[in-house]
Each structure stands twice: as C-alpha cells, then as structure tokens.
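**Student:** What follows is the residue order along each chain.
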Amino acid sequence: MNLILDKIFAHTTKFIALGVLLIVAWIFTELFQQSLVSIQSSGFDFVTQTKWAPNLEKFGALPAIYGSVVSTFLAMVLAVPVAIGVAIFLSELAPAKLKSPVGVSIELLAAIPSVIYGMWGLFYFVPIIRDIVGGVGISMLSAGIVLSIMILPFMAAVTRDAMNTTPDILKESAYALGGTKWDVIKDVVMPYAKAGIIGSFILALGRAIGETMAVTFVMGNVHKISLDLTQPATSIPVTLANEFNEADTGIYYSSLFELSLLLLVISFTIISIAKFYFLRRKRLGA
Amino acid sequence: MTHTEKRILTNKIVMTLSTLSAMVGMTFLFWILGILVINGIDALNWTIFSEAGAPPGYEESGLKHALIGQLMIVGVATFAGVPLGILAGTYLSEYGQQSKLAETIRDISDIMMSAPSIVIGAFVYAIVVAPMGHFSGWAGSVALTIIMLPIILRTTDDMLQLVPSTLREAAFALGAPKYKVIMQVVYRGAKVGILTGVLLGVARVAGETAPLLFTSFNDNFLNTDMNQPMASLTVTMFNYATSPYEDWQKLGWAAAFILSMFILGLNIIARVFLMKKKGK
Chain C
1 MNLILDKIFA HTTKFIALGV LLIVAWIFTE LFQQSLVSIQ SSGFDFVTQT
51 KWAPNLEKFG ALPAIYGSVV STFLAMVLAV PVAIGVAIFL SELAPAKLKS
101 PVGVSIELLA AIPSVIYGMW GLFYFVPIIR DIVGGVGISM LSAGIVLSIM
151 ILPFMAAVTR DAMNTTPDIL KESAYALGGT KWDVIKDVVM PYAKAGIIGS
201 FILALGRAIG ETMAVTFVMG NVHKISLDLT QPATSIPVTL ANEFNEADTG
251 IYYSSLFELS LLLLVISFTI ISIAKFYFLR RKRLGA
Chain A
1 MTHTEKRILT NKIVMTLSTL SAMVGMTFLF WILGILVING IDALNWTIFS
51 EAGAPPGYEE SGLKHALIGQ LMIVGVATFA GVPLGILAGT YLSEYGQQSK
101 LAETIRDISD IMMSAPSIVI GAFVYAIVVA PMGHFSGWAG SVALTIIMLP
151 IILRTTDDML QLVPSTLREA AFALGAPKYK VIMQVVYRGA KVGILTGVLL
201 GVARVAGETA PLLFTSFNDN FLNTDMNQPM ASLTVTMFNY ATSPYEDWQK
251 LGWAAAFILS MFILGLNIIA RVFLMKKKGK
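Protein sequences appear in the order of chains C and A. Throughout the first sequence, residue numbering follows our numbering, covering 1 to 286 in sequence. Throughout the second sequence, residue numbering follows our numbering, covering 1 to 280 in sequence.
This is chain C alone, in the form it adopts within the complex (with noise of 0.2 angstroms):
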C-alpha cells in the first residue's frame, strides 16, 4: 500500500514538474502557430517595414520595434547611474539607523504594481514634461523617465544584494592600506561584485523591455518612427495592450501574435544572457 502511495505521490510531482516546462514550450507554439498567417504574408516586411495601418491591411513593426528599444535605452541610461548611487549609499555610506528603513522601503517600492506608475506618470509627470519640453507631454521621453522610476527600486535592491556579497575583510585590507571609500569600492567592491552588478542591470533591462502598464499610459500608441523624444510613440506591449482588442481581421490578429511573439523571444534572450553569463545561481546546501 505505502508502495503504491510513494510511487502515485512520486510521479504526481514528476508529471506537474514536466508540465511547467510542457507549458512554456505550448506557449511558444501557440504564438508562433498563430503568427502563422503574419508571417506568411509580410515575412521579413514585418521587422522591416514603418507603416501600420490595420484599416490597409499593412503591418510594418518597426516603430513598435524602434520605440521598445528606444524608451528601454532611456530607461536604463537614467536609472542606471542612480541606482548604483543608491546601492552605494546604502551599502557604504548610509549611517545604521539609515541603512535598514531606506532599503526596506525602497524593496517594498519595487513591489507596487506598475500600473500605479503609470497612473502617476499619467496625471503628474506627463504635465511636468508638457510644461518644460512642450508638446503634448505623452511622449517617448515621458515613457523612458516613468520607465527608468518603475525599475529603479528592484535595480538598487539588487545592485546592492551584490555589492554586499564583498567579504568585509577585503574591504578592511584595503580601508587599512589607507585607501578613500571610494578607492575601496572602485577597486575592491565593484571589481568582486561586477558579474552580479551587471547581470542585474540585464535582468533588469529584460524586464523593462516587457513592461507594459507604466508606458501604456504615456506613450501614445502611434506607429511613427521620430527622432524627437518629444513626440508621442509606441512600443511592442503598448501597441498588444491598445489594439489586441480592437483586431477584427485575421492577419490583425495575426499580426499582434507575431509582436507577443517577438517580444518573448527578446526578452527570454535578455533575461538568458543575464542569467547564464552573470548571475550564476549559487546552490544552496551545496
């Protein structure tokens, strides 16, 4: 009987583990079997092409294409300086009663749903933009800055999980050399923890590339490829949150798969990248 019961709960785990991988492999089938009639009819036209005019039947995604990588490049060149200020300032500068409330809180801020971001980004930066840039304020720009707010905290937290990895007798032998905090985090901290420093600012990249509520609301969903930061945009998951239910011809339809699509394939490349190269998984017990 304890037989049968072991082998039944064995496999029970077995069968539900495999499902997971069964249901990222259906995932990738399913969207690249109803890109099918995209793909067929534009081909490379897709990735290539600047108009997007549904009511014509022509899909080009490049604008989709250009503004994701633009509004994300924004995104990080902003966020990126400051999240390693921050990470800095906690794991070197801040004084005790400081450290642990600041980077409680700023782990909790990278908790709140991003659609809240994007609320706030809606109704007090997009006015902000508007008045100092001019334009109508949902713009490229306004995306990249919301963007760049929305992963701030979970870059600093984890920017700073890896500075803090550093032992703190490397950092000792150094301070007793007489070298300035600065020395020591330039050339002790940063060189022992730069795998894991980098390999978050990609998965944070990868994260960012797929972040669809915080631009929704100030980007503008228009299929146009401007090189003023100033004027309203689109991006992959704005255009999918826009129109996916407006499509009513097949090849629309079709056409909004193969973006998922597209976008899936970059961002489990990003997120690979980071994972495989940077951010090797320590074992634990081992």
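Pairs of lysine to aspartate or glutamate, EDC-like flavour, derived with a Cα cap of 16 angstroms:
| # | chain 1 | residue 1 | chain 2 | residue 2 |
| --- | --- | --- | --- | --- |
| 1 | C | Lys275 | A | Asp107 |
| 2 | A | Lys277 | A | Asp158 |
| 3 | C | Lys14 | A | Glu103 |
Treat the hints as calculated values from the structure; they're not laboratory data. Just so we're clear, the structure is a prediction, and the values are computed from it rather than from any experiment.
We have chain C already, so just place chain A on it with the hints.
**Tutor:** Structure of chain A alone, referenced to chain C:
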C-alpha cells in the same frame, strides 16, 4: 595638489554624487507613494465598498464589482497555482535534486518569472478566450496561475532544501516511506518558508494588469459568474484613470490605494515570517 589630496577630493565628489542620486531616487519614489496615499485616502468612503460601478456622474458609484472580481480571479489562481507549485517544487528538491531535468526546470522557471506578463495574456487569449468565444474570469485566473506557478515552485524548492537532511534520514530510519517523510517531516520543517513563498506569489499576481486586459477583460457591473467577463481592480484602475471623467479618475485612485495596501501588507507579513525564521 598632492596625490593624496586628489584622492580625498575625488572621494568627496563621488560620495556627494552618490548621496545626491540616492536622494533624487528616493524623492521620486516617495513622491509617488505620497500621491498614492493622499489621493487614495481622499477618495475612500463607504460607497466604494457597498456600490458597484456606475456611469460617470453617478453619486452611488463604487468598486464593489472590481473588489469581488479581483478576489475571485486571484482566489481561483491561488487555489490552482499554490498546490501545483508546491508539488512541482517538491519534485525539484526531493526527487530531481541536481539532475539535468530538475536544473532545466529551475532555469526555465527563473526566466519565466521575469518574462513579460502581457505575452501570457496573449497566450491565454489564444487557448481559452478564442475557443470559448468570449472573455471570462476563468481565463484571467488561468493567466495568473501561469504567472504564479514559477514563483511558488522556486521558493518551495529553495525552502525544502533548507530542511536538514538529518531530519529526513531519521524519519527514513523509522521505516517511513518517502511520501510520508515529505508530507509529515519535510513540509512541516519548511512550513513558514512555503507560506512566505505563497504570500509573495499572491502579492505578485494581485498587481498584474497586462495579462488580464484580454482574458478577464472588464465589466462595470457586479458579476460573480466566472464564465463571463469580470472586473478586476487593476483593469478597472486602468480604464477609470484613462477616462476623462473626474469621478471615475477618483475611483481609480481609490482602487490603486486599496490594491497597494493589500500588496504591501502581504509583503510585510512575508518579511516578518522570514525574519522570525532567521531569528530561530
């Protein structure tokens, strides 16, 4: 200027810059939090809990429909995702261990945790909504279950591995079969850790908007039929906030406030559990 003076100066400059950037970052974050609390508390009143949605301009309009919808969608997802995640995590820690299969499942789950959630929404649209012919609360729950699964799986895996193997060996020595060892010894030892994972998993999916946009969709009225489109706090928040009506926008802030407090609460409870565990 001597070399030492230069170094000290550079140090001062960099430290000032880093403190400044920390201040800038914190200012933005607390600005957002402040606005959320001020607008949220300002918009809170009893009708929010007692009344369902209404057309703009209506006095008696609340969020009852979204609160109930949110509870049902997240509740069903939790009901499905937690046992599945715990069992899969059990396989990784107790059976698969360091095998290639187990390692692959761990890696894929880690990647899925950061994958774009809107893509999960599109997937569930294709496999549930399109065949059924309409949006439904069930579809929303399916999407959230898929998002929750890797989180519960990985925390369970980690937490079970923390249970000392001597405990397992002692139970085996008494002649207990493996499933009994796991259920009565390992699970008991990792109880708090698993619960923490569950809380964090629920907190994570409760804030998801993108995967619900084209699965559970929305409904401005009270609906408890999971077979029909269903309101959630997040999608309602999105629709109300982007509407031009001031009273709807106000309701959107109330929804944002309630949801954030719920999620922060879960996170804080999870943290307290973890601290207690470490303290032991």
